[in-house]
Amino acid sequence: MEDTPDNALPETTVLQSTAELSNTPTRISQEIASIDRRHLLVFNGSSSWMYQLPPRGEVVIGRAETADLRINDPSISRQHARLMIDDDAVTISDLGSQNGTRVNHERIIGEHVLRPNDVVTLHKTTLLLHSTAVATPTAVLDANAFRQRLESEIDRAIRYERAFGLICIIWPARVVDRRAIERQLGDQLRRIDASGWADDHMLQIVLAEVSADTATTIAGRLRSKLEDAVQVGVASCPGDGFDIDDLIASARNAASCAPPGAIGEVAREYQTMTFGSLRVIVADPAMVRLYALVERLAPVDLPMLVTGETGCGKEVVATAIHCMSARRDRKLVSLNCAAIAETLVESELFGHEKGAFSGAVAAKPGLLEAASGSTLFLDEIGELSLAVQAKLLRVLETQKLTRVGDVNERSVDVRIVAATNRDLEREVAESRFRQDLFFRLSAAPLVLPPLRQRPRELPLLAALFLDDACKKNGRGPMTISDAAMAALLDHAWPGNARELKNLMQYVAAAHKVDVLTAEHVSERLSTGRTAPRITAPPAEPGTFRPLADEIRELEVTRIREALAAAANNQTRAAALLSVPVRTFFEKAKLYGLTPKKKKD
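Residue numbering for the sequence shown is 1 to 600, as defined by my numbering.
Rather than coming from a laboratory, the hints here were simulated on the basis of the structure.
You may find that some hints are simply not true.
Label pairs and their calculated CB-CB ranges [to be verified]:
{"no.": "1", "residue 1": "ASP413", "residue 2": "GLU151", "range": "42 to 48 Å"}
{"no.": "2", "residue 1": "LEU460", "residue 2": "VAL300", "range": "44 to 50 Å"}
{"no.": "3", "residue 1": "ASP413", "residue 2": "THR214", "range": "55 to 61 Å"}
DSS-like cross-link-like pairs, simulated, lysine-lysine; straight-line CA separation at most 25 Å [said to hold, decoys possible]:
{"no.": "4", "residue 1": "LYS501", "residue 2": "LYS471"}
{"no.": "5", "residue 1": "LYS501", "residue 2": "LYS512"}
{"no.": "6", "residue 1": "LYS501", "residue 2": "LYS400"}
{"no.": "7", "residue 1": "LYS512", "residue 2": "LYS587"}
Predicted model only: the values in this text are computed from it and were never measured.
No residue lacks a Cβ here, since even glycine has one placed at the ideal position from N, Cα and C.
Using the sequences and the hints, build the whole thing.
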């Protein structure tokens, strides 16, 4: 018989084999019941003992001497699994062990919420969770608390790639006795779930740690407890997006469209929009909302600001704004402010008179004049100098400009649509962007989500870009295999839609096959979810590197340093940098800096 571990509870009961799990003796049950809260029954070879769990905190399981629950067994990794414990739940995650962790015979990936009497298997060792805590009903939250809970579930989904569900139940008449409804549904919900009343007609429920199919199954059980006239809708994260308002709207719309007594799921349709020569696929709820807002704002002659990461389609949105406006009959004029030398920007925008500077052999109108009666798209507006920003602000306020080398003002009729991948509010705070110009431009702001947060659209865009690339190459069509699509979905896409389009153009030209495989895709992508490391050389005298590259390098360096200082704990690293945890997780994932799980 093996020695009892040091961290076992004082009174130890020995069972002859793990087969006795199915018929635990009454004496052991009585001993367990005499101990407060939750415990693990640990079965290792011919030994068994009880390990009392703390009310909250972290328990590392492994064979290392530093493990909280030490199991001296060579089949157990030094740090095999971790339990996260709070007042409501016990969550287990595998720490990259060699033999894996199973719950009720199913191998787990990421986090898994344990329920009383769940059986955890660590190769030859078995753990049985017991709880003597009195069950508490599912939390019923007010509107603000419910949104906060939904936000925390979204953060968990991003951090651990775990799904959750959102159910919306709509009654045809005002619910008078809410407590009765809560009691009716309580038996079908878990302590880790939460609900909240949106109003007297609608109840929303968050289902933690469930897939979309499981959420629909649970919705069916809830539906069976209610009157026939109710409508029930289901949405899930990440399948239906990562935005709170999108998820709520999706679940509500699914319920509203469902026949009385039926379960409605989020529609998976998409629409194709055409703006000039551009085709745009819109499927993700966030993009549906964005283009609906564009349709409402485009006819109003306001300056507009489009923000989003590099390559996510800001110029496409600007084109949509122009094509939906009254200026659509004139050509859209564009300028990439980062692609032109600072000394030439003023002349390019405002024009110049003959002799205004060396080489100005003739008068020349600027782009603001060329775009009069139309729309001027200023990409990367954050690259403009403060002096040029001041002159641009005057054009926005007066619709008048002065050419370089001239003293007379000229009237123009131009609409400005600007775009940037910078945080202009931070730029304003650090005196790199004019506050008055920022306020003038952000009268109608549009935030474009990155491609990795538009899971519905990525497969559609991949197929569209591949089809276009095949046609341009004069070759037959290609299809994308399931394995190749999985590789595409697994990539972080730091270059967003532009990176995806470039990839499809490459594979269409490089591979004369009918079916695109995972190998074809992976050769051009970084392994897993990592993003290519930025290795741009230092600037030579008289040359400059794009400022965006330098900012990325600084972010990569600081994230690496913070992770090292925090022993790869991302939450603590985010605190060291004073950035929101969710932002830190997304940046780490984007740059391929998410800590890998340790293996023996």
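Now for the hints, and whether the structure bears them out:
1. Between ASP413 and GLU151 the beta carbon distance is about 44 Å. The supplied range of 42 to 48 Å therefore holds.
2. For LEU460 and VAL300, the Cβ-Cβ distance of about 30 Å falls outside the hinted range of 44 to 50 Å, so the restraint is violated.
3. One distance hint, 55 to 61 Å for the beta-carbon pair ASP413 and THR214, holds here, with the actual separation near 57 Å.
4. In summary, the hint linking LYS501 to LYS471 is supported, as the alpha carbons are separated by about 14 Å, within the 25 Å threshold.
5. Distance check on the hinted pair: LYS501 and LYS512 sit about 18 Å apart at the alpha-carbon level, within 25 Å; holds.
6. With a C-alpha separation of about 40 Å, the suggested pair LYS501 and LYS400 falls outside the 25 Å cut-off, and the hint is violated.
7. For the proposed pair LYS512 and LYS587, the alpha carbon gap of about 36 Å is over 25 Å, so the pair is violated.
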